[in-house]
Every structure is written in C-alpha cells, then in structure tokens.
Amino acid sequence: MQAEKQVVPICTPDSAYAEDVFTVIQEDGSTDAAKDPKLTDETVVELYQAMVRTRAIDLRLEKLQRQGRVGFHVGSLGEEACILASAAALRPTDWIFPCYREFGALLYRGFPLQAYLDNMYGNAVDQVQGRQMPDHYTGKAYHFGSVSSPIGTQLTQAVGFAWAAKLKAQDVVTGVYFGDGATSSSEFHCAMNFAGVFKIPTVFLCRNNRWAISVPAERQTASKDFASKAEAYGMPGVRCDGNDALATYRTVREAVERAARGEGPTLIELVTYRMGGHSTSDDPRAYRVDQEVEGWQQSDPILRLRTHLVHRGLWDDAQEETWQSQIETELKSCIEQAEARPKPPIASLFHDVLERQPWHLKEQQEACEAGPRPEANHG
Amino acid sequence: MQAEKQVVPICTPDSAYAEDVFTVIQEDGSTDAAKDPKLTDETVVELYQAMVRTRAIDLRLEKLQRQGRVGFHVGSLGEEACILASAAALRPTDWIFPCYREFGALLYRGFPLQAYLDNMYGNAVDQVQGRQMPDHYTGKAYHFGSVSSPIGTQLTQAVGFAWAAKLKAQDVVTGVYFGDGATSSSEFHCAMNFAGVFKIPTVFLCRNNRWAISVPAERQTASKDFASKAEAYGMPGVRCDGNDALATYRTVREAVERAARGEGPTLIELVTYRMGGHSTSDDPRAYRVDQEVEGWQQSDPILRLRTHLVHRGLWDDAQEETWQSQIETELKSCIEQAEARPKPPIASLFHDVLERQPWHLKEQQEACEAGPRPEANHG
Amino acid sequence: MGQMNMVQAINSCLRSEMTRNEDVIVLGEDVGKVGGVFRVTQGLYEEFGEDRVIDTPLAEGGIVGAAIGMALYGLRPVPEIQFADFIYPAFDQLVSEAAKYRYRSGGEYTVPMVVRTPVGGGIRGGHYHSQSPESLFIHTAGLKVVCPSNPFDAKGLLAAAIRDDDPVLFFEPKRVYRAVKMEVPSSDYTVPIGQAKVVRAGTDVTVVAWGAMLFEALAAADEAQAQGEVSSEVIDLRTLWPIDIDTIVESVKKTGRLVVVHEAPKACGFGAEIIQLVTEKAFLHFEAPPVRVTGWDTPFPYTLENEYLPLKHRIVPALIETARF
Amino acid sequence: MGQMNMVQAINSCLRSEMTRNEDVIVLGEDVGKVGGVFRVTQGLYEEFGEDRVIDTPLAEGGIVGAAIGMALYGLRPVPEIQFADFIYPAFDQLVSEAAKYRYRSGGEYTVPMVVRTPVGGGIRGGHYHSQSPESLFIHTAGLKVVCPSNPFDAKGLLAAAIRDDDPVLFFEPKRVYRAVKMEVPSSDYTVPIGQAKVVRAGTDVTVVAWGAMLFEALAAADEAQAQGEVSSEVIDLRTLWPIDIDTIVESVKKTGRLVVVHEAPKACGFGAEIIQLVTEKAFLHFEAPPVRVTGWDTPFPYTLENEYLPLKHRIVPALIETARF
Ligand SMILES: Cc1ncc(C[n+]2csc(CCOP(=O)(O)OP(=O)(O)O)c2C)c(N)n1
Ligand SMILES: Cc1ncc(C[n+]2csc(CCOP(=O)(O)OP(=O)(O)O)c2C)c(N)n1
Ligand SMILES: [Mg+2]
Ligand SMILES: [Mg+2]
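Residue numbers (my numbering), protein chains in the order written: chain A, 1 to 379; chain B, 1 to 379; chain C, 1 to 325; chain D, 1 to 325.
For the record, the hints were derived by calculation from the structure and aren't laboratory data.
Heads up, some of the hints might be wrong.
[Unchecked claim] Taking lysine-lysine and the DSS-like style, the derived pairs with C-alpha atoms no more than 27 Å apart in a straight line are:
hint, chain 1, residue 1, chain 2, residue 2
1, D, 281, C, 281
2, A, 168, C, 33
3, A, 224, B, 199
4, C, 254, A, 362
5, C, 281, D, 181
6, C, 254, B, 224
7, C, 33, A, 362
8, D, 281, C, 254
9, C, 281, A, 362
10, D, 253, A, 224
11, B, 362, D, 197
12, D, 254, B, 362
Model the full assembly from the supplied sequences, consistent with the hints where possible.
Given below as structure tokens:
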C-alpha cells in the first residue's frame, strides 16, 4: 500500500448506480464540509484501523479455509466501510442484528478476536459450542444478535426488539444488516411494513453489494434502486455511498438520531461491492467479469478512507506497517489457541434445546455418550 | 330504489382517500368524455344487471345463513362495481385469480348460478364435492381459479400462470383480486416483485375496501396509499374509484392492454368500501361507526351506475322490477335444487388427493365406508 | 371461582398474566378492538391499551418475527394466529428461529413467547379453518407444544406457558371453546407443562387423547364399557411435547393395550410417535397391537367433516377390538 | 451409458426431460449461469436459454408460488430450493396450495411440479444446510415425496416425477452428490414412483433406509454380519410417500425384526410412521421391538455432526441387538 497522496475515485458504479448517491470523501481525500460528519481524529483512525483489521482477518480466514483448517468463511472484502462505519455510527446502547458478513462490526464493539476464532473453529470454548457453522457467532454482551443462515429472518426480529424497547420507553435503536438479495424476501416486506406502521426505531442497513451469490441486483427488483422501496412503507429511504466510510457514518447517524427522536425507521441503501466470492464455497468467475471487479477495486473503501486520513495528516506508512504487524501477531496467537482447543463435549449436543433438559434428551445423551464413536469427527 | 334522476355523490372518502382517485361518473350520471370508456349500451346494461344480481344473491345468502340453511357466506356488498367492472374489462381469454369475494365475477363469465349454489351447499353435485367451505368455488372452464382461504396465495400463482403464457407466447393476461389487508402478506411482495422483474402480464386488482376484518387500512401500511406501492417494484400504480364502474372498467382495460402489449404488470388500487360485515361470522358494529357506513352508502356503486344508465336513458323502474323478479325466480329455483340434492358420498373424501388413489387411501376409504356412522353430519 | 368456558378461562388468564407482569403483551390480527375472531382477547384492549394489545398488519411472519424480537428484548409476547391453518407464513420464524435461538446461541438468547392459535375441526371450517398441525412442531426440536382440553387446564397451562422461558405453541381446541363450562378460579394458578393426567381410570385399554378429542375418547370409553364391558383408562395428554411418557407407559404396563386418538392426518401424525415411544419402553407389555384413530390422510373436508373426525363412533370399535384382541 | 455421479445423473435427466418436453422449465436461486450452488443445473442455461432456466429473486415463496401458477397453466416447472433448510418460506404454498389444489377443486386443477432440493448432513453445514424435513411433507396429504440414494435411481425417479401429474418433493441427498459413481444410461428412462427396492437380501432383520443413510445401512449390514453373524435385509425406500408398504411388510414377515434409519430428528420423524404401518399390518410377526436409529431431537450440529448422524457405528449395534432380542 502506498501512503503517498493519491487519487481514489469515488465508487465507480455502473450506470445503474450512477445517480444521487450521498458521498463525502472526494477523490483527493478532502471532504465537503457541509456533508462531513466531523469525526474526531481518534474516531476516524479507530474506524480505519478496524477496517484494515477486518480485511486482514478476512484474508487470513480465506487462507485457512483453503488449507482445510477452517470449514467455511463468509467475508466482507470491499464492504468494510459500509459495515464498520455503520457500526460506528450506532450508539453503544443500540443493538445490531447481523446478516452474516458483519464479524467486523462485532469486533468493533470489543468482542475478543479469540472468541471469534473459537467460533470459526467450533471448539469447546466457542460460545455456541460448535453447534453452528463458522461465522454464526452471537454477542449479547456487545448488544449484537445471533447469526443464522436463513436470509432475512433477522429483519422482523430487529423490528420487534426495537418495538419492545419503545414500549418500555427505553432509548434503544436497532440497526439491522441485510443484502440486496434479502430485499426480495418475505421478511423484508414484513419488517419494513411493521416498522412503518408502528414507527419503530429501526435503521435498515441494506448492503447493496450488487450480488446475491450469482444473481445480480437487477434480477432482484425492477425498482430504480433499493432506497426507493422505502416509500411503499411510508418511511424515508437514502442512497449512500457504502464505500465511503464518512458518508456511511453520517447517513446512519442521522437515521439513528431520527429513530431515537421517535420519528421512526429509515431504509439506507449502502452502495458497495462484494469484491470476493459469496463465501469460500463460491467462485465468482463463473458469473461475473474481472473488469467489473477491477473497476470497484479502484474505489476500495479502505483506500478511500486512508486517502482522507493522509489528507488530514493522521496516517502514514509506518503506522500502517505497525498496525498490520500488530494484527498479524494477534491473529497468529488467536489461531494457535483456537486450533489447540478441544472439540466440544458430546453433552453439548443435548443441552440448550429447551431451558431444562427433558427426559428424552437425557436418554439420548446417555445413549450417545455410551455408544460407539463414529469413525471420524470433523475438526 | 328511485329511478328518477338523482344526485349520487362520488365515493365519499374520508381524508385518507381524498386525493387523485380516477373517477368517470359524475354526480348527475354524466361522464367526462375524455375518461369515459365508451361502453356500448348493451355492455353497460349487462354490467349493471350483473351488479344488481350479485347484490341480490349476496342478500339472499346472508339470509340463508341466518336461517341456518347455508353454513357461511363472504359477500361483496358495496364492492360490486370494482368486482364486476374489472371482470368485464378482462378479456374472456384472460384468467381470473380470485380472492374470495368474487363470485360475481365468476357468474359474470357465465358460470351457472346453480353450480354456485351447489358449492354454497357443498352437495353431491358441487364441483368440489363439499370438500371446501361455502364460497370456495372453482371455474376452470370459465378461466377462473380455485378459491382458497389463506390470504395472498393466489397472487404469486397468478404471476406464474401469466408467466407461463408469456413463455409460450400466448396472449393471456391474469387479473388477480386481493384486499387491502393482503398487501401486508408475503405473497403480495413476492408476486409484485417477480412480476416487476420478469415483466409479467398480470393486473393486480387491490380491492381497498378499507377493512381487513376489524383492522383499518391505515393499520396495514404507512404508505400514503396502496397504489404507490407499485414503485417499489418498478411498475405503474393507479388509484381508481372502485365504486365507479366506468372508471374501474377503463383503468383495468388499459392495464390489460398494456400487459398484452408486453409492457408488464400494473397495480390498481380500487378504492371502495365493504358495506357489510367481513363475512356472515362478523359483526362490524364492534369496530366501526355507523356514520362511516352511511357515508359510503351514499355513493353506492349500483346507484352510481344506475344514475349513469338513467342519464343515458337505458334504464327505468319497470326494467329494474323485471330484472329483480327474474333474479328472484332464478334464485328460488336454484336454492331449491341445491337443497334437495344429497350430500357427497363418503368416497368423495378419499379421491383427488393424488391422481391415482394410493393404497393407504383405499384402505382408509374402505374402513370409513364399512365403519359405523357418526351421530350427525352437517348439511 | 365461577363457571367459565374455555374462551373465558383463556381471557381470564391473559388478563391476570398481563396484570401480574407488564412485559406480557398480546399481538395479532383483530386481537384489539374486536377482541379476536373468537373473542378470546375481548376487553384486553380496553383494559391494557393499544400498546399492549396490538392489532397488526395481516402477516403472520411479521407477527411471529416481531414477537421473537420482543422476546429477545425481554418481553413475554403472546402472539395470536387467527387459525392454526394460517401459521404457515410464520413457519420459517418458528422452525428456523424461535426453536433454535437458545441452542444456536449457546444459551445466550432465549425466546419466551407463547403462540396461541385455535386448532381442530368441528366448526364447519373446511380445509383452512380446521387443521391440527401439532406434529410439525413436535418434529422441530426446541419448541414446547401444549393443547388443553378444558377451561381449567387452559387457564393454568397458558399461565405456565407465559411464565416459561421457552417458546410454546399453545393450541386451543376451538370446538371446545364454548362447549364446556366448569369451575375456574378467578385467581391465578398454573398447571405444569409436561404432565399428562389420567382422567378416567380403567384396566383393559389405555386411550391417549387431547384437546377436543378427549371428550370423544371419554364418551367412547363409557360406550365401550356399556356395549362391550371394556374398561378404558383415558389419559388427557395436555402437554404434547415434551411428552409425559411415564404416565402413558405406566398405564400401558397395566392395560397392555394402547389406542391414540387425534384429529390430524394419520401419516406422520403424533399418534405414531406416541406408540413408538411406548414400544421403546414397554414393547413386551403389549397384549394387542397399538392402534391409531385419527383424521384421514386427506385435506380436512367440509360437508362430511364428521366422517373425517375420529369421533366416538370410530373410537368405540377400536377400544372393543383392541381389548378383545 | 457411462459412469455418472448423482449430480451428473440429475443434470442428465433435466437435460433429457427438457429436450423431450418444452413445457419443462427450471427456476430458482442461482440455477442459471452458475448452474446451482451444487452445479446440478450446470449447462442448462446455455442449452435452453434464460426463459427456461430462470434465476429468480431470493424468495422461496415466490419461486414455489410462481411455479404452482406455471403448473396450473400446463407447464411442468422444476423449481430448485437451494437447501431443504430454506424451504420454509415456501411452506405455505406447498402445504396450503400445491398439496390441496386437486382435492379442493374436485380434480379441476392439478399441479405437476417437482420441487428439487438437497437434503441431509455430511457436508459440515450446521443447523441450516443439513436438514431432512421429509416428515413435514409426508404429513401433508396431497404431496409425493421421493429421495433417491444413487445416480441411477436419481435420474429415473426424477424423470418419473417430472412426468407425474402430482406435486413431488424431490429430496437429493447432498452427501451422495459426488460420492457415488455408477453406470447411468444417457438415454431416458424412469424408475417408478412408489416402489422400494430390496438392495441386500437377509433373513434376520429388516433395515429400511433411504438417501445417504442407505450406504450406512449397507455398511452396517456387512459389519453386523462379520461381527455378529446377523443377516440383514436392506430396503432402499426410494419413494417415501406414498410408501411401498408391501415390500417392507413382506420382509418383516420373513425376518420378524425391523430397524428404520433416518437423519431427521426422531420425534415425529418418518421412522415412527413406518414402524406403526408395519405394526398395523404385521404386529404378530414382530419377534423383537422395532427400532429407530435417527438424528437426535436437537438442531443439526456442526462440529459433532458425525455424532448426530445415524451412521454405521450406531446402526450396527441396533442390528445385532434387534437380531439377538
Ligand atoms: C431463505 C434462504 N434462501 C437461500 C439462502 C442461500 N443463500 C445464502 S446467501 C444468499 C444470497 C444473499 O444475497 P444478499 O442478500 O445480497 O447478501 P450478500 O450475500 O450479498 O451479502 C443465498 C441465496 C439462504 N441462506 N436463505
Ligand atoms: C394467511 C391468513 N391469515 C389470516 C386469515 C384470516 N382472514 C381472513 S380474511 C382476513 C382479512 C382480509 O382483509 P383484506 O385483504 O382487506 O380483504 P377483504 O376481506 O377486505 O376483502 C383475514 C385476516 C387468512 N384467511 N389467511
Ligand atoms: Mg448482495
Ligand atoms: Mg379489505
């Protein structure tokens, strides 16, 4: 990476994305004062560092998966601004309902990297006891939900959660992440509709990364964009440059404040791009051209924020190097730990189905524990 | 009913419905030439007659239900224009996917009243063999679907049906009926979205009758109206006076033509009012004020079209009387027939589950036929 | 104390639970002003206000999804699904989410929610107002399933369900709603989840039933006694899952015979499961093949509904034949 | 003829059915350009074009609802649900609509649709990429349910399903997708729906299995023979519903013993139904209690997946114990 002043183009959208996207960071790293969220030096550096860390973790996990050391990973390459800056804009008292690409947001809130890696390895220390696939973490203490795979289900839950807070007159906003594909789901419709009717303090964070596995955004909807779907539910919709950390921060923050004031939900379309495969199971070359990827790489969200930092004199090559090597050290140690830990015990299979273990699961646990072992277990 | 010239106000909407509704019939029965669909005398009289007939049947069925002779009825009082004029505007080659209030549309297409009443009585002659509740008819020969109770399920099916026709390059449009409440369903979202993306020749006929059982329209959505939901799916949305038969005809016809030209779907909000209870099981006085009902009664869709007929010199009291008595005669005979007919045989329970009766249903049929009879059967 | 039917008993329970704990809220289609299409929530809107008795848009997935979110927050939502037949739009939220939250989060999150919904036939509802989908939810690990047969149990079980920290499907036999009256305390009490009840002692054959069919089983037991001198022990299951297997096994060990009655279709219905659980624990005690008397493997019909339901006329011969096997 | 794995066999079937009948169309998420996440539909988009191999928006309810509409029109749609775990948003359309159309319309309308979806564990998919929801659909009158265990049957059964006039749930055991190769004719043929197959003859105990567990049952049969001199007769069910009960009953009449193996949770799983059907027809032939070897009554786990699945190590003792009972 070059720390010299450079020009990073504003997100290079194809024609479908060309209009009216809210942008703050200019090509040279400067900002439009009227739009700038005016983050402190500390906050903006922290945000940048979190984005860099998220990417480093992503890249490492992809490698571990290829080496067969981790079973699966679903990453956020290219979506670091839209994920981290939105997380930063939510207040610590607000709750995040994740899709599955937001481990960066969880870590941003202080969730230990070690705990995240224990989840990736599904070991005995994993909070979810190796019961779920990698990247299906949970972080209640961090005001962060529980990842599940079915697309969209978190949306109505995020609305119900914020609704509960509203009924209790507690100042809680929920921020819920989902993809462009998820806007086609039933859950999106139910969640947006309920949120609109009951003026629920939920901020809908649509990561429009252009792809739903192999299906392009224009196959999800004939509407002119995703933000404009808000009108059908009587709420405002905003299109925001999701590769621009400052634009994302500002847009999300305003929606959070609006929600907290009791003015109801907002739909935010964060225009970004999934630079990697859908997950480690996917090879995107089967359905999209390199050119498209290369185009978006030029407005890499990390480069864009870095240009801004450099413009403000807050970051240089030396700092970058130190930070990268700090991340490497931390990652190395956490991976070692996670790999050294044993698998969860058999008993873990049979608990937490219900609050108290019913007789049939007690019997099944006994049978399983007593029985012969399978030839091979994963892990 | 008065056949003298009278003033019938244009649908008396409360404030929520006040704006931009497409209307053709003026208070004095005249029309705005630019908007008038210019129906022939014959067509408009036929349409009026069908509306009157529909109402007479509704009223009789309500009575029969109160007398315990029919199990249930879900009627269309006040919605005759929106149902009949839309059915009239669809071409005979187009297919209707009904909600559950559209027996009038089925009869308009020539389905025998006798067959409808056999369905109401669930007797042995009923096409569906008394398997479903009253008002769950089917009319394939009339290009009319099969009524089921779950809200919204017909919507995606109507889209799939029209899509199939489109794939086969056959000139078929589907018209699908649903209520304001149904716009909250998952099915509405899926259907509108698929129709938009694939430019399916479906006309979405939203009977906004203001109520979903006891839930008012403003509890279904925070959007300014239902028509404007179309934008989220990249299709046009139209608000039309659903108590104005000519406005409805014109609006639906244009959408049908548009669909047939390959220009895709249209959402039509037909602004009307459910003048009766939700069904014979409902007492609307528990949740709405008489004033509201009375207000809407003044723009009764039948009165409005009649005023237009009188204005055109096409209808008078004598004709009305003859027509009413014709309906009565027909109804009386059909009811007598339907009541005289036996219940379906036990065998009818065990067929049509699958194409060929599998062994277990054969055994179950034998057991049922051989077994003792229950103390009482309905019917 | 006073005579109540099941509608009144459930209403009384909701009222007392909502008074006891302001985290209890009710939501669903038509539950507010009109008090539900069966009037089970009548008066709650007036008493607790529109924030706690919420008429929702017409979307079961939204109702249950939002209720799960409320439960995650710490409320105790009691969503109503107007008819069990309309629970399918919420199926994903129930099966993929409510049932799995505790397990998948390692116990971090729980969903203390009670989904109330009327089940069963007997009101001339045809395909879509008559279904009994309990086995779909019993098959789904992580849910409790309850179905009371009478007003007293309905009130006590619903109170227990609302205070329970697991998601509960609370099936209300609509045929019983107004058909049975009994003494029900106006004070609050619970009937524990997970306990069946022997409601008629007998020696020749064990009959397991629940909900509306319990009364058919009882009537059949009387008739089998009169007609064939067969002594039937009738068990009201009350909680379907987790099942109180001990009570059933104990009875079968005594009678050696088992008949299970349910309205749902036979194939993969709960009857097969109950019988196989008993087989696993007491096979050698069977003196006759265990028998199911159930709805047929067809959609639920309208006109011939009484031919479809496993009413007394079909239970009596099953009892006599099993006893005489 | 040629060696094919199951992915290739299903692909070959789709290709030949689409060639044979232009009313056959494929739709679903990612089925087009990329050929499905398991590559089952690979090449079809290029061969038949985007009108007949349709990438849809992300909405299973929309996919199945639209497919039903297409089938009503007269097409033979073959929607793909990416994983059976994601079929629940389409549950209402399947259970309330597809299953009931013929019955509720008095035979006027039919839904010749085949819903293809991968089922089962063995790919480290955790809760949501491993489920086997067959019993939910067997419980629903009006659906056929098929689950082949090998490439030859997969091709033949899928062809039969596509030509069938009833809605068919076609469950593809993803663990088998690329694990087994065998000779599969490149020409088209059908394997009739509703016929099980005895794939290993034996005298001591009958084992019923399907899909991926068939291979575990076979391996267990060999091991039980070697370890305990138990002779197992293994039946590959192939069609789950309507079930070929005769083949099973005939076998049980010979062996007197029955073990059913399935991946789905035990409670209200298909195992209980199969056993009770045999009980109803051949109770007196049981020389030992019939036994289930199934997934546990928990969500499907990740790390300990092989402890969850009813693999050989759990089937062998069941065979030996049952035989020695
Ligand atoms: C209900 C459901 N259907 C299908 C899938 C399989 N699936 C997983 S991710 C995905 C695409 C999601 O795309 P999008 O919403 O745009 O999110 P992104 O992955 O781009 O962040 C699909 C189809 C699923 N997880 N859940
Ligand atoms: C999925 C589902 N949920 C609930 C019901 C019960 N129900 C029947 S009609 C109705 C209201 C429908 O309102 P709307 O869509 O406005 O149609 P209208 O009756 O006014 O014509 C409800 C809630 C149902 N039939 N299906
Ligand atoms: Mg995406
Ligand atoms: Mg309405």
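Cross-check of the supplied hints:
1. Of the pairs offered as hints, the one joining residue 281/D and residue 281/C holds, with about 21 Å between alpha carbons and a cut-off of 27 Å not exceeded.
2. In summary, the hint linking residue 168/A to residue 33/C is supported, as the alpha carbons are separated by about 22 Å, within the 27 Å threshold.
3. Distance hint between residue 224/A and residue 199/B is fulfilled; the C-alpha atoms sit about 14 Å from each other, no more than 27 Å.
4. Restraint check for residue 254/C and residue 362/A: satisfied, since their Cα atoms lie roughly 25 Å apart, inside the 27 Å limit.
5. Under the criterion of a C-alpha separation no larger than 27 Å, the hint pairing residue 281/C with residue 181/D is inconsistent with the structure, at around 41 Å.
6. Taking the CA atoms of residue 254/C and residue 224/B, the gap is about 67 Å. The hint is violated against a cut of 27 Å.
7. Pair hint residue 33/C plus residue 362/A does not hold up; C-alpha atoms about 46 Å apart against a cutoff of 27 Å.
8. For the hint linking residue 281/D to residue 254/C, the alpha-carbon distance of about 25 Å falls within 27 Å, and the restraint holds.
9. Our distance criterion of 27 Å between C-alpha atoms is met by residue 281/C and residue 362/A, whose separation comes to about 15 Å.
10. Taken as a hint, the residue 253/D and residue 224/A pair is broken in the structure, with Cα atoms around 66 Å apart against an allowance of 27 Å.
11. The suggested pairing of residue 362/B with residue 197/D holds, with an alpha-carbon distance near 23 Å, which does not exceed 27 Å.
12. With a C-alpha separation of about 25 Å, the suggested pairing of residue 254/D with residue 362/B holds against the 27 Å cut-off.
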